[in-house]
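Student: Here is how the chains run, residue by residue.
Protein chains: 2
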Amino acid sequence: MIFTEGQVYTHTFHVTQEVYDSFQVCSQDRNPLHTNEAFARAKGFPDRVMYGNILNAFVSFFIGECLEIKNVMIQSQSINFKKPVFMNDTLDLTAKVDGIYDSVNTVEFKFAFANIKNGVMVANGKVSISVMP
Amino acid sequence: MIFTEGQVYTHTFHVTQEVYDSFQVCSQDRNPLHTNEAFARAKGFPDRVMYGNILNAFVSFFIGECLEIKNVMIQSQSINFKKPVFMNDTLDLTAKVDGIYDSVNTVEFKFAFANIKNGVMVANGKVSISVMP
Chain A
1 MIFTEGQVYT
11 HTFHVTQEVY
21 DSFQVCSQDR
31 NPLHTNEAFA
41 RAKGFPDRVM
51 YGNILNAFVS
61 FFIGECLEIK
71 NVMIQSQSIN
81 FKKPVFMNDT
91 LDLTAKVDGI
101 YDSVNTVEFK
111 FAFANIKNGV
121 MVANGKVSIS
131 VMP
Chain B
1 MIFTEGQVYT
11 HTFHVTQEVY
21 DSFQVCSQDR
31 NPLHTNEAFA
41 RAKGFPDRVM
51 YGNILNAFVS
61 FFIGECLEIK
71 NVMIQSQSIN
81 FKKPVFMNDT
91 LDLTAKVDGI
101 YDSVNTVEFK
111 FAFANIKNGV
121 MVANGKVSIS
131 VMP
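Those sequence lines, one after another, are chains A and B.
My numbering numbers the first residue of the first sequence as 1 and each following residue consecutively.
My numbering numbers the first residue of the second sequence as 1 and each following residue consecutively.
Hints in this document: simulated from the structure, not taken from any laboratory.
Among the hints, erroneous ones may be present.
One copy or two, it doesn't matter: identical chains are merged, so the pair holds either way.
Stated by the list, open to error - Okay, derived cross-link-like pairs now, DSSO-like style, lysine-lysine, Cα gap no bigger than 30 angstroms in a straight line:
1. Lys-83 with Lys-117
2. Lys-96 with Lys-43
3. Lys-70 with Lys-43
4. Lys-96 with Lys-117
Between the sequences and the hints, there should be enough to build the whole structure, so can you do that?
Tutor: Here it is in structure tokens:
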């Protein structure tokens with residue numbers, strides 16, 4: 001297979017107004033934590049908290065666009081949200097090939113997103129893909 | 001806590017052109033499996049395969065909008081994609097309270113999405129939320 005155990009990929013993502021707005025259209029989620037600054041402040045946050053699943057959309061981009069091949073499909077994924085993300089934050093994704101299963105054409109990646117403003121990890125997880133013939 | 005072990009929630013989601021387009025804007029993922037019908041057909045699918053992470057956006061809506069309370073935040077989530085989803089499919093989400101941890105204000109749900117055209121489960125997973133004071 002084209003992948004190598006331990007191989008590392010990186011990509012930088014920007015949480016822009018367009019990313020936020022389009023996620024809101026897609027999900028129709030208008031929970032006040034994400035849409036109402038006063039609500040978010042009352043819960044102890046400095047601003048509206050971005051939708052965590054924006055990061056899962058970034059994982060979609062990583063798998064769909066950042067690998068050497070396009071004939072891939074996500075089988076499963078998981079994510080742990082560690083720190084809130086805010087509008088205009090920039091996140092560095094680091095993903096590592098964590099398992100290669102040639103017999104079933106499956107590759108597993110571990111990934112983490114770090115906020116470039118302080119280097120702190122905001123989320124981590126795993127994603128498994130199948131490589132299609 | 002307001003939740004009860006075993007409590008079940010349901011919601012119906014439609015994979016519309018607007019959902020697809022907005023996910024594409026959000027993710028910038030233009031992998032040909034999702035955007036090129038000829039490519040998808042060559043891989044054995046009848047049409048472009050919808051982005052799996054559209055279902056994670058639906059999970060965002062479920063947590064943000066379908067519970068009795070709004071002061072919730074996703075801690076972690078996982079999803080397994082079992083069957084492809086296509087444009088204009090309608091999916092029934094069923095989610096069940098699978099664990100309540102009062103000491104840490106955490107609730108876990110198991111969920112599954114079924115395609116209404118045949119009743120077949122297309123994805124399942126788990127989502128853990130924290131209930132904010």
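Student: Now look at each hint and say whether the structure bears it out.
Tutor: Each hint, compared with the structure:
no.	hint	in the structure
1	Lys-83 with Lys-117	within (13 angstroms within a copy, 39 angstroms between copies)
2	Lys-96 with Lys-43	between (35 angstroms within a copy, 26 angstroms between copies)
3	Lys-70 with Lys-43	between (42 angstroms within a copy, 11 angstroms between copies)
4	Lys-96 with Lys-117	within (22 angstroms within a copy, 38 angstroms between copies)
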